[in-house]
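Engineer: Heads up: the protein sequence lines correspond to chains Z and A, in order.
Everything in the first sequence is counted per this note's numbering, starting at 1 for the first residue and increasing by one.
Everything in the second sequence is counted per this note's numbering, starting at 1 for the first residue and increasing by one.
Rather than coming from a laboratory, the hints here were simulated on the basis of the structure.
Note that the structure is predicted; figures quoted are calculated from it, not measured.
Any given hint might turn out to be false.
What the hints assert, rightly or not - Straight-line distance between alpha carbons at most 35 Å, and here's what the computed DSBU-like set of lysine-lysine pairs gives: (1) Z:K67 <-> A:K196; (2) Z:K179 <-> A:K249; (3) A:K338 <-> A:K153; (4) A:K308 <-> A:K153; (5) A:K442 <-> Z:K67; (6) A:K92 <-> Z:K101; (7) Z:K179 <-> A:K250; (8) Z:K67 <-> A:K249.
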Amino acid sequence: MATADPSLSRQHLDEPGPTAAPAAGEGVPWWERNLAWLLVSPTILLLVVFSLIPTVMLVRFAFSNVKLQRGGFGVDPTGFDNFVRAFGDPLVRDAVGITLKWVAVVTTAEVLLGLALALLLAGGVRGRGVFTSLLIIPIIMPPVAVSVAWLFMYEPNFGVFNYLLNQAGLPSVRWLSDKSIALYSMMAVDVWQATPFVFLLLYAAILSLPRDPYEAAAIDGAGRWHVFRTVTLPLLGPVLLVVVLLRLIDAARAFDKIFVMTRGGPGTSAYTMTVTIYNEAFAKFDFGYASAISFLFQIVMVIVGTVYVRRALADYSAPAE
Amino acid sequence: MRDNDVRNSAGSSLSRRTLLKATAAVGAATTLGAASKRSAYALPTYLQGTSLVIAMTDGDAPKAQPLIDDYAKANNVTIEVQQNPYAALQQKLTLSLTQGTGDYDVVTLDDPWMPQFAGGQFLMNLQELMEKKGEKVDPDFIPELLALGDFPKGSGLRGIPWVGNVQVFAWRSDVLKEMGIELPKSWDDVLAAAQKITEAKGGEGLYGVGLRGQAGNPAATSFLPILRGYGTDLFNDKWEPQLETDAAKKAMATTLALAKVAPPGVENCDHATNGRNMYSGVTAMSGDIWPDQLLQIYDPSVSKVVGKVDIGGEPAAEGVKPANMTGNWLLGIPEGAKDPDAALAFITWFTAPEQQKRLLMDQSIPATRTSVMTDPEAVAKFPFLPGLLAAAKNALPRPRTPSYNAVEAVYGQYVAQAIAGQVSGDEALANANKDITDIMVKSGELKQ
Chain Z
1 MATADPSLSR
11 QHLDEPGPTA
21 APAAGEGVPW
31 WERNLAWLLV
41 SPTILLLVVF
51 SLIPTVMLVR
61 FAFSNVKLQR
71 GGFGVDPTGF
81 DNFVRAFGDP
91 LVRDAVGITL
101 KWVAVVTTAE
111 VLLGLALALL
121 LAGGVRGRGV
131 FTSLLIIPII
141 MPPVAVSVAW
151 LFMYEPNFGV
161 FNYLLNQAGL
171 PSVRWLSDKS
181 IALYSMMAVD
191 VWQATPFVFL
201 LLYAAILSLP
211 RDPYEAAAID
221 GAGRWHVFRT
231 VTLPLLGPVL
241 LVVVLLRLID
251 AARAFDKIFV
261 MTRGGPGTSA
271 YTMTVTIYNE
281 AFAKFDFGYA
291 SAISFLFQIV
301 MVIVGTVYVR
311 RALADYSAPA
321 E
Chain A
1 MRDNDVRNSA
11 GSSLSRRTLL
21 KATAAVGAAT
31 TLGAASKRSA
41 YALPTYLQGT
51 SLVIAMTDGD
61 APKAQPLIDD
71 YAKANNVTIE
81 VQQNPYAALQ
91 QKLTLSLTQG
101 TGDYDVVTLD
111 DPWMPQFAGG
121 QFLMNLQELM
131 EKKGEKVDPD
141 FIPELLALGD
151 FPKGSGLRGI
161 PWVGNVQVFA
171 WRSDVLKEMG
181 IELPKSWDDV
191 LAAAQKITEA
201 KGGEGLYGVG
211 LRGQAGNPAA
221 TSFLPILRGY
231 GTDLFNDKWE
241 PQLETDAAKK
251 AMATTLALAK
261 VAPPGVENCD
271 HATNGRNMYS
281 GVTAMSGDIW
291 PDQLLQIYDP
301 SVSKVVGKVD
311 IGGEPAAEGV
321 KPANMTGNWL
331 LGIPEGAKDP
341 DAALAFITWF
351 TAPEQQKRLL
361 MDQSIPATRT
371 SVMTDPEAVA
381 KFPFLPGLLA
391 AAKNALPRPR
401 TPSYNAVEAV
411 YGQYVAQAIA
421 GQVSGDEALA
431 NANKDITDIM
441 VKSGELKQ
């Protein structure tokens, strides 16, 4: 470590160096010798307390029948029973499908809409400062407040959406209580709130793109679509990949909006993985089973994230020949 | 008309039996209430200057706060009230009480939680604490509600009831009269009446019946009185689930038929929505109405149906005893609490008649004491109190098993799936029966 070497300490950098360096560590206080460790130790401590220990407990619980008892947990090892149960549980099977559907729809919609908005406003639309400010509002609103507001707008009897439909002579829609519609209604809320986040990142990225390729394309007479496809999109690639990864992870963890608006209903038709895990752990208090599902979910997420990041790095970090 | 019908609107009539019960209760209250006056209650010197942390729901905490402030000021006690939504409170208490974290000195508990917390001896035996101080439980408490704190029965009180919630059947007397419909006695009658009302008035925004279809506690709480109304319960006396019986299948078929004539959105209907539908005149009947909703129904500032709603016992098939369901809140002291004497002193003060009446009159919290429920001033303000008292005396708790939370989550989930059309009624019952059997076997309450 640089700071452990007295020859590199500030004092020695500021003054002409001695011809013979003292023995390593001699005369240097302990905290300076271990400065790097001291600086990272709070982070390591937090990771151990809030990530490592819970993960170890999660794995232990996943292979056990866990009972709450006075002063602790009663943990009876059950081998792979919880995992076998999870693979045969229709609720978990459905939750996997619902989560995949949620992730695919909201991520696609948010990225496409965010990109479209970013391109539109970066293109010099009048009043883009106002639009940008307005688009920030959904991001800063707490998800629970957003969910409650939309819950009232979706209300079947006095909600504003049905009122507008009725005013237009159309029948009311059971936005949150029809099992074929409810999930999409909640996706719309997520899209409404998360799209501006995508927009902001992409908008900033577009504004920072180099102008030379665009000027060259203009000289070559390239059309707007051609410029977008061959210049903008490749240049935006790294940012776009990060944005997609962030949205994928966030979408897979979807919980707050679904829980506030329908608690996973109607019935269990919006039970995503997180809602299912919550329900098993904190409604049924079956911590062993909930841990097993959670462990499986965590493994899948780590694999997907790792593969995605490696792929992205492979595409964008190869040295130019 | 059923024996326990209560006409509560101005100028309407009480049934003879209820009137007799109410009169008897007034007499009892006059005798017992006098012995339990605690207006001048003051803490002994050694408890002054202590501090308490109380866990409550976010619904009750603001209502209790004025009383808590007065107590704290009068006795130089520091009180911190930690409020949580219902589900969060249940989770926090489950972890805190079982792990003995000592986070709370006083906790408020829904009565279905008592078997889990009292049965696991995670709460202190209040009776023993009282006896050590030479005190006794005041007989003014409604015995059926007081008994909710005693689990297993006879092991001693581990909770004192302070919110006298009882589920009732409520109906729009004006609608039934206008349509020439007799007051339903059974759930079959309710269904026939609901179908008639929705058919005739659904277009005007009035639906026959309201029930809750949201998965978990909501759907379970609407379904249980229907199940009991058909003459069965979740368990028999050996703790074997009874959801694949003919009676359960009839109850499920009725529930699903009722859902079809309920207001749109029944699949996600929760407690607040069901109450709002009743007081805003959207539903004509509901078997899942609670006192907090009754108070809204009688509040002219929010209700469109003041004086038009009557309440009574839950409908039941011929030969089945009608019964309401308790949903009381109790105060307990967690094992390991740092100052049980100070906690008990607070509970004793908070559940005394004067505080109970203040909670009822100022905050619309139904009392758990006979003297308060029959107090003339309170009855004048809330005419349904005699009916509520009668319902409380006739009420059954939910099955008293420490596994009830998990059991409720399971059957509440399957009933909701059936209401949402994800599975058939029979399939829901079969799945629920199987999962509940597994839970009971796993907990050791059912031998196989």
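Engineer: Taking the hints in turn, state whether each one holds.
Structural biologist: Structure-based check of each hint:
no., hint, result
1, Z:K67 <-> A:K196, "violated (49 Å)"
2, Z:K179 <-> A:K249, "holds (23 Å)"
3, A:K338 <-> A:K153, "holds (27 Å)"
4, A:K308 <-> A:K153, "violated (40 Å)"
5, A:K442 <-> Z:K67, "holds (10 Å)"
6, A:K92 <-> Z:K101, "holds (32 Å)"
7, Z:K179 <-> A:K250, "holds (24 Å)"
8, Z:K67 <-> A:K249, "holds (33 Å)"
Hint check: violations occur at hints 1 and 4; the rest are consistent with the structure.
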